[in-house]
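Residue numbers (this note's numbering), protein chains in the order written: chain V, 1 to 262; chain B, 263 to 454.
Incorrect hints may have been included.
With a Cα cut of at most 30 Å, we get these calculated BS3-like pairs of lysine-lysine [stated by the list, open to error]:
| hint | chain 1 | residue 1 | chain 2 | residue 2 |
| --- | --- | --- | --- | --- |
| 1 | B | Lys-344 | V | Lys-245 |
| 2 | B | Lys-366 | V | Lys-245 |
| 3 | B | Lys-378 | B | Lys-366 |
| 4 | B | Lys-360 | B | Lys-344 |
These aren't lab readings, by the way, just hints derived from the structure by calculation.
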Amino acid sequence: MAEIASLERAAWALMTLLNGCLVLLLLYRRNHRNFFFFFVYALTNLLQAPVLFESYRIWGFNSSVSFKIFWATQALVAAARTLAVAEICWRILANYRGIWALGWRLFLGMAAVVLVHAWVIGGHNWPVVALNADRSLWLAIGVAILTLFLFTQHFEVPFEPAPRFLAIGFFLYSCFQVLNDTVAERWLKPYAALWDFLGTLAFLASLLVWIWAMRPTEQPVASAPELLPEHLYRSLSPAINSRLKALNEQLGHFWHAEGKKT
Amino acid sequence: MNFAFYFFLAIIALLVVVFLWSLRGSKKHAAPAPPPSSSLDLPGGHVAYLPQIRRALSSTDYEYASARIPRQALLRMRRERKQVALGYLAALREELIKLVRTAKVIASLSPKVAPKQELERVLLAANFLWRYRLIRLSVWAGFAPLPQINDLSNLLSAYSVRLEEAMKEMGERAALVAEMVSSPDRRRIHPV
Numbered sequence: 001m002a003e004i005a006s007l008e009r010a011a012w013a014l015m016t017l018l019n020g021c022l023v024l025l026l027l028y029r030r031n032h033r034n035f036f037f038f039f040v041y042a043l044t045n046l047l048q049a050p051v052l053f054e055s056y057r058i059w060g061f062n063s064s065v066s067f068k069i070f071w072a073t074q075a076l077v078a079a080a081r082t083l084a085v086a087e088i089c090w091r092i093l094a095n096y097r098g099i100w101a102l103g104w105r106l107f108l109g110m111a112a113v114v115l116v117h118a119w120v121i122g123g124h125n126w127p128v129v130a131l132n133a134d135r136s137l138w139l140a141i142g143v144a145i146l147t148l149f150l151f152t153q154h155f156e157v158p159f160e161p162a163p164r165f166l167a168i169g170f171f172l173y174s175c176f177q178v179l180n181d182t183v184a185e186r187w188l189k190p191y192a193a194l195w196d197f198l199g200t201l202a203f204l205a206s207l208l209v210w211i212w213a214m215r216p217t218e219q220p221v222a223s224a225p226e227l228l229p230e231h232l233y234r235s236l237s238p239a240i241n242s243r244l245k246a247l248n249e250q251l252g253h254f255w256h257a258e259g260k261k262t
Numbered sequence: 263m264n265f266a267f268y269f270f271l272a273i274i275a276l277l278v279v280v281f282l283w284s285l286r287g288s289k290k291h292a293a294p295a296p297p298p299s300s301s302l303d304l305p306g307g308h309v310a311y312l313p314q315i316r317r318a319l320s321s322t323d324y325e326y327a328s329a330r331i332p333r334q335a336l337l338r339m340r341r342e343r344k345q346v347a348l349g350y351l352a353a354l355r356e357e358l359i360k361l362v363r364t365a366k367v368i369a370s371l372s373p374k375v376a377p378k379q380e381l382e383r384v385l386l387a388a389n390f391l392w393r394y395r396l397i398r399l400s401v402w403a404g405f406a407p408l409p410q411i412n413d414l415s416n417l418l419s420a421y422s423v424r425l426e427e428a429m430k431e432m433g434e435r436a437a438l439v440a441e442m443v444s445s446p447d448r449r450r451i452h453p454v
């Protein structure tokens, strides 16, 4: 356990260093304007570390004041993270007005369903309630990012490298956090140190992915392509669908005919 | 507690698998190879070969040949007919994919998208693809009635013509949609 604690401290120091590098890189490459909420997220994450460090130093690790400070800063970071993920979704789809209107409702809907479901499935007794809220939020973020990837794949919307890597970083970390919270909930005490350490490692991995993503200066969102007139979609989309429907019916006939013959 | 534990583990495993699958796909269209066509490549290209295919797959043709040629040649002919059927089915699938892709581009460049239409298209395409795989497998195994493919092709041709007419009405805009389909970076294109 003592070894894990010293490793954890080293990982914490490295995490703070890398987080600082990420903030500086965002400023140096002027990407803080293009990814404003991601910059806010990185900054709140960076500031959380000294605030927690000070609170642990003054009130001790197990004090209720430190506990409250931890969850208060965690709520701030979670809000910044949610906005950063929303910003990535917006950056990818904003130029495509029609599918963006469909997309944001889908992401929000999926995230809300997952949030509520995870909340219901998880326990409701304190301190599990805070853990459960944290896990539900992480899961909702993971599902929203996955939906974004599936959505862009379906509509063949180009996914720029920088937001793509940012989204990958968020997805990996959110998956690990869900696992982390789940394991922490089941074996709250005995493995807490180990899982805290693994959580820090997962965050380090995400930080490296984000630093990689922010290496080049990202272009601001390109001007929107001229959209097609609305009636084109209204007239062609049902025509294509009815054709697909008839094609399916024919395949059904084909299959039935075969059944009769064999 | 136990249920929640395994539930979340299963959810994460599922998310990771779907995510890896979606990454593979997104990589593919991150740098798409532009198709050479400059006009909207509407499905229906197979129509030109329809008479030959129909002839090759007709049962009368097969019966006529079976009475006149040796068994080995007949087996070879059967094999070749199967190849023709498989190739034809593959062409149908390709046409479906082109059609769906065109629909996607139109949707992505439309100011308003109907969720019902989009969902319906996803379900229809999925339905077609699994049936196609089943039929392809049965043709490959030698169970499918080959001449039935004629009906399928008639259907495709009829709808191709209808859609082509609709697209002609759209004139230049339809051609620009095609440019967008073929462009690796749709943002550079300004249709109006």
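Which of the numbered hints above does this structure break?
none
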